[in-house]
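If you want the building blocks of each chain, they are given just below.
Number of protein chains: 6
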Amino acid sequence: MNKYVPINSLEVPRFAEIKTFMRLPNIKTTEDIDYAVIGIPFDTASTYRTGSRFGPSAIRDISSLIKPYNAPQKVNVVEKLSGVDYGDVSVNPGYIEDTYERIEKELLPVVKSGAIPICLGGDHSITLGELRAIAKIHGPVALVHFDSHFDTIDSYFGKKYNHGTVFRRALEEGLIDVEHSIQIGMRGTFYSEKDLIESENLGFEVITSFEMREIGLANTIERIINRVGDKKAFFSFDIDFVDPAYAPGTGTIEVGGFSSMEILDMIRKLKDISFIGYDIVEVLPCVDPSQITAFLASNIVFEFISIIALQKK
Amino acid sequence: MNKYVPINSLEVPRFAEIKTFMRLPNIKTTEDIDYAVIGIPFDTASTYRTGSRFGPSAIRDISSLIKPYNAPQKVNVVEKLSGVDYGDVSVNPGYIEDTYERIEKELLPVVKSGAIPICLGGDHSITLGELRAIAKIHGPVALVHFDSHFDTIDSYFGKKYNHGTVFRRALEEGLIDVEHSIQIGMRGTFYSEKDLIESENLGFEVITSFEMREIGLANTIERIINRVGDKKAFFSFDIDFVDPAYAPGTGTIEVGGFSSMEILDMIRKLKDISFIGYDIVEVLPCVDPSQITAFLASNIVFEFISIIALQKK
Amino acid sequence: MNKYVPINSLEVPRFAEIKTFMRLPNIKTTEDIDYAVIGIPFDTASTYRTGSRFGPSAIRDISSLIKPYNAPQKVNVVEKLSGVDYGDVSVNPGYIEDTYERIEKELLPVVKSGAIPICLGGDHSITLGELRAIAKIHGPVALVHFDSHFDTIDSYFGKKYNHGTVFRRALEEGLIDVEHSIQIGMRGTFYSEKDLIESENLGFEVITSFEMREIGLANTIERIINRVGDKKAFFSFDIDFVDPAYAPGTGTIEVGGFSSMEILDMIRKLKDISFIGYDIVEVLPCVDPSQITAFLASNIVFEFISIIALQKK
Amino acid sequence: MNKYVPINSLEVPRFAEIKTFMRLPNIKTTEDIDYAVIGIPFDTASTYRTGSRFGPSAIRDISSLIKPYNAPQKVNVVEKLSGVDYGDVSVNPGYIEDTYERIEKELLPVVKSGAIPICLGGDHSITLGELRAIAKIHGPVALVHFDSHFDTIDSYFGKKYNHGTVFRRALEEGLIDVEHSIQIGMRGTFYSEKDLIESENLGFEVITSFEMREIGLANTIERIINRVGDKKAFFSFDIDFVDPAYAPGTGTIEVGGFSSMEILDMIRKLKDISFIGYDIVEVLPCVDPSQITAFLASNIVFEFISIIALQKK
Amino acid sequence: MNKYVPINSLEVPRFAEIKTFMRLPNIKTTEDIDYAVIGIPFDTASTYRTGSRFGPSAIRDISSLIKPYNAPQKVNVVEKLSGVDYGDVSVNPGYIEDTYERIEKELLPVVKSGAIPICLGGDHSITLGELRAIAKIHGPVALVHFDSHFDTIDSYFGKKYNHGTVFRRALEEGLIDVEHSIQIGMRGTFYSEKDLIESENLGFEVITSFEMREIGLANTIERIINRVGDKKAFFSFDIDFVDPAYAPGTGTIEVGGFSSMEILDMIRKLKDISFIGYDIVEVLPCVDPSQITAFLASNIVFEFISIIALQKK
Amino acid sequence: MNKYVPINSLEVPRFAEIKTFMRLPNIKTTEDIDYAVIGIPFDTASTYRTGSRFGPSAIRDISSLIKPYNAPQKVNVVEKLSGVDYGDVSVNPGYIEDTYERIEKELLPVVKSGAIPICLGGDHSITLGELRAIAKIHGPVALVHFDSHFDTIDSYFGKKYNHGTVFRRALEEGLIDVEHSIQIGMRGTFYSEKDLIESENLGFEVITSFEMREIGLANTIERIINRVGDKKAFFSFDIDFVDPAYAPGTGTIEVGGFSSMEILDMIRKLKDISFIGYDIVEVLPCVDPSQITAFLASNIVFEFISIIALQKK
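In order, the protein sequence lines correspond to chains A, B, C, D, E and F.
Mapping the first sequence onto my numbering, position 218 (from 1) lands on 218, and the numbers just tick up by one.
So the number in my numbering is just where the residue sits in the second sequence, counting from 1, plus 1000.
So the number in my numbering is just where the residue sits in the third sequence, counting from 1, plus 2000.
So the number in my numbering is just where the residue sits in the fourth sequence, counting from 1, plus 3000.
So the number in my numbering is just where the residue sits in the fifth sequence, counting from 1, plus 4000.
So the number in my numbering is just where the residue sits in the sixth sequence, counting from 1, plus 5000.
These aren't lab readings, by the way, just hints derived from the structure by calculation.
Restraint-style ranges between C-beta atoms, simulated for each label pair: (1) F:E5193 with E:E4011: 17 to 23 Å; (2) B:N1002 with E:G4158: 34 to 40 Å; (3) D:K3136 with E:K4159: 48 to 54 Å; (4) A:G216 with B:G1158: 46 to 52 Å; (5) F:G5114 with C:R2268: 50 to 56 Å; (6) C:F2210 with A:L310: 38 to 44 Å; (7) D:R3268 with F:P5025: 45 to 51 Å; (8) C:N2219 with A:G216: 16 to 22 Å; (9) B:N1219 with A:L310: 25 to 31 Å; (10) E:Y4191 with C:F2210: 50 to 56 Å.
Calculated pairs, DSS-like style, for lysine-lysine (alpha carbon to alpha carbon, straight line, at most 30 Å): (11) A:K74 with A:K271; (12) D:K3160 with C:K2105; (13) E:K4074 with F:K5194; (14) F:K5003 with F:K5067; (15) E:K4271 with E:K4067; (16) F:K5194 with E:K4312; (17) A:K67 with B:K1159; (18) E:K4028 with A:K3; (19) C:K2159 with D:K3028; (20) D:K3194 with F:K5313; (21) A:K136 with F:K5159.
Ideal Cβ placement from N, Cα and C applies to all residues, glycine included.
Please construct the entire structure, taking both the sequences and the accompanying hints into account.
Laid out in structure tokens, this is it:
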């Protein structure tokens, strides 16, 4: 039996007890765990609607509906894995550079331990802190980035750090193995046509939503798998990749996106990539009274955990 | 001219007058009617978000937008049928066994009269009461069950009756002709892989959402039709079968579902099955400020009524 | 450099400053502009949920997220065009005939100047006033009408003017070149089967949603293009054409519609039609806390502007 | 036993059954009744937030919580009175003059019968139609008007009829006995200082909120009672008289108002005035998710009914 | 230093970390604690709006804003006391009698240990389970009951247990020392005048809201203190005692209540009563998007804890 | 006639046209104006709920309901004054020190011109930037600070700048004439008893809410007036000073506050203080669907403008 498993929902109702991710025990340990779910409630770097600091809490609340068996993947994550809700990184609201140090410092022991970190944002800026911790142990990693935005802008209002510049910074800091990195799903409107080639100029492979619709999801998946190869990879999922009908609760919505079914299916097919870390970011609960965004995020995290389970020897 | 028809919305605006389903007269009669719409505002058996006791009221409110002609089915339900809003069963909140007796007792005269009952939930537990009334007149019936959950769990917290156990109870009580019954659309996460075969072990045919996506909707329809054959059937529709983007207002959402267009299309194609009763359950209005869930439920009921109209000699 | 362009969002954050459409300058001028965005906050003619008088304001609020470059159309609207937010027509709430006069009078100088008007409703009744101004300069125009309703009913409650009768009135007044006009996307329920042929009897070509699903979107587009030919055309887009999952914020929702991706794609393909005016109507913000409807409307207007840019010599 | 009484809530739960005011039978009768509750779902005359056409429906929904005994007044309204929910006047949305004729025509039989009408708005414009019906039978009546606005403006945008001009019109039409009429509670901001004397110039007695705070509620009550004397009176209550903390759901809120406790207390003390009609207007449910405004309106109607009961011989 | 104290909010932001009451450690211990906050997420016994099963979770969420020092009481609860968030009782949704056994069984060790239990509802029915545990150790206790309802009805729909009958059952079971018990604040409408004397006939002292307004809050407090004397007492606080303007998030609102300032002041003045247990019930978050009800409940619990601190030797 | 006055709402409906404060012209001018309303949409420094960057926009939206005449103050602000909506300061989200420079720089010309600035927050941190601009021209000013929090904490999480430290920083920078400064209304819970004397130790006079209730509002006003004397003063109003029933839309609510009527009355009585600047901060619209908080803020700004009008020679 695994050491850390969720509360059994056939014994204690799902709406009861303190809210942790998937009802896992809330323990700040790196021993005897396969993965750790870690909240990073930081939204200082949002350039439009803010409030994703309540994202981790919203995801935990509704994640109590998640059960352990993944039917399409044929795996029971509770039987296969031990995991904890590691609680939240103690971010410093209003101070992004200090927060980056805190993220790096608090994630480092988890990464070092060999447990897989799954981070819940917060806005997308947090990924830089995560990648710093990861690169310190693993060196530069391949990035698999699902998003409706590139997040490789150079600066906003004269400043280097926010949720739209994070992957350019990561590249500059040598945290990403750009040769094996890929950005998926960009769409919406752009500042200029240069936006569309800027990431490619930086070295990323890019498949926009427009191209995805043309080549189909199967080809998209194939290109991701080929791009990453057997490199260690980090999976960064911005919830605004999903169409707002399925994920209205986020800060910078873009219409014309993908459905939840398409998205879960895509994630499942990446099951052979060697992910050594994950995050899901930009869940903004205050504009989504039906909680469907936070619940979709919970399911995406469950798919991440399922991949960990499938890859466990 | 049929005896009981809706208020004419070209004469009295849709937002005016007391709210009944589709503006039908609110009369507790079983005479001169082809069908009766009956609310069962019971949500005691919900295991997560509760509040579907306000489902019938929410459906009635927005159902005033429904007009009489069904274009794809080429039928005018008002010209073909006489129907009433029968009001609500006087449920006993907090007491499921007493409520089952009340449902059975209040539905019995309707079923006996030959009028088709269309029940508005309430949580899914109510179907057991409905099936008791129906089986008393018709004997065991084929079940056509659209849902994202099986609802054939044996018990929760040591108790036999709730919205997750209803079809196992119905089977044990001999209300269902399991050989001709089928469950459609199960998805989400599961307790274990056994969940997926438990209904089949009980004798149901099962087509999960995962399988539906593989075989397509046309094949799904064909298998339903073949399974039921010429048996008398009951159609139980849990609104959480629909994707939360289209039906956010329900208690136990599951992502990765079907669109409203797909769903209406499927229902229309079941028009030759001998349904002797219908229900639509689990509409939870308090988390859906735009009322799209209750309006979709209204349209589903309208499709039910259209089938009744098409089958009327 | 064009005279009137939006505030640069890399210098002033999108949430800052007075809200105009796409951050354009708010000037009531007809000089040096290619297009003018004009609010018509009138909802007196709504037959069900009202409140679309706040539609223009809601669209402006969230439209600050729109950037200038349209990737699928390969055009930068700010580089190509000068445009203004012309403010609102001073409607008279409660008085439709007076309001029609005000719309016509206030639009006339814009139309006369050769600038393309893009009107933000308000309910669909406003289109009659717009067409009066347009026909005064251009004569009868071809109508391209996307909607889930025909809006060609003769009268409601004995009155000629409201949001369900607007195109019959326009026809009677000789504002529409019906031979080259087409209605797209009608669905939902109907008063009778006559509803479905009434528009055709009036001379419109009609493609219902049901037919669209059969013939496909490519064929739909082709039929629109063929129908309009090289005539001057007016594009009237009712947001309820979109499925409520993607556009919950509207007054008379109809389930079973199209996705935002399908819709944007369709509009882009109409880029060679000679549109001399546009409107988008029936955005009702008070039932859509996540603002996805108003943001979709903003994107649709952006597609309109992109067509203007593509057609500019 | 009275002929028409509510459903017993100890037998049928309050959330069950078709929603009528206080669970009274929905019958369009004028026989054997002491009072009739009548919805007038008209909001065309609103000058700011619209949507009070759903006011009657919202009040009915939550009014099922009202029980029959009024403790401070020591009266049981069900034991003393027979009453019905008369349904709604078939208003014509968008057409105020036609609607006035409909209100007058539909109210006339009720007034004629001697039953007391209690009207649920809708915006305040409806009172003119009500007063026309009442004056036809009773002649000009004393007006007791609780509101944060005077509603005696001459015209808006060149038009005579809307929710801000209703009492000037009533005066001009000779429907009000202005010598015994009084306006209570005006506050907020004004167009000019003339606003404050305009009603007095028209002949009304006026006690603004500012004055009420100075003289106290007891003196206010005394002045109302003295003003009306033994004349037949009509009580018109605009829910925006109440502070927005207690009644957020209305179209033109004004801060700095009265609490629900103060208001119920004031109404109770008017129990000896010879009211021959009542209305409560401007409940706008779509901005009040907790339904506290509609419930306060239900309680105010209950106080009206209690006065009828106390005055019944 | 006390053993169990909250997270320091000058070090870890209030929105971070797993949500427990006032950021106390979540430990199911009875050792080294002065008090335990215990959720009882049961709402099966609600007779109108349901959903208070999410009350404990909502209170915990916003309670992170509570700081340790109570200025009017001049006490620092963290310096004086050790306390835990004990988590939730594992209730059985849909089954009230089984739930009562679970409440009693899970509370018993806490009561036995001498720690003071503070229970978070859930609907008011839960108090019966709490009193059973308490009476088992302490014998019958004096009840101090703040509520807008008596909750001493004999039965609803033929059943003995729900949120309106709880104190009659407690009395019948000998759990209450009725001679020293008092009910405060009843208001709203009633079934009949007998409702008002029924509790007194059962032996309770009663001060209705109507009487409170007459005698004033100081006299009310004095009568409570005199009634209880030096008996061990239980404080049961139904949030609907507060006016809906201050506490909109509850199931059976009653207008005309008290303000949060009045209420906190009253609780503070009961600081010398020997309370051996507390509860706060009927917080229903889904209708209160601004969370003011749950935050008021948090403050009320903080006042309870402050009394414990003041009484600690 | 004054140069800059609002749109006349008897000619153009209040819901029409681009939203500026009170419908003033949106011009960045310092000539011919008595006052300028300036948005500062910065919320990076919020320690709990964020989103007040949308405060200025929300206040402008609903401020169109404000009319020009102030009855209790007997002044018509449009007749007396010329004013503009100056638009927003171009803040830098995520960067407080850069934002302070921007605020100071953009406010300076206004202050220099002699026009009175009225700033709309944003969180309370912005006041430091405002005071820097003001002190540069006027030297240290007396502070009149209405708030439920002191905002004189030394630091959070090791950082000097956020919305809880603003007045300590202002003091350290010599921007405040502390001898004539006063803080009004602090309440809620505290970190320790030292919180209550810390401001006094810094030199402020303090009147907590608890003390206000004891001494009454008249004495409170008198003490403010005496404290400030004839010094130039700045009025900083945090909307959370108001009770959450009246102002639910704010980030760090505190129960037990004052009503809108009490608050407006207090502001009016400060009419003889020589205010040379004002702000209103912490309006957070996303949790207040009925907009009552933003409307109260609009009215408070109107009271500020009224004082400017009364003081104009």
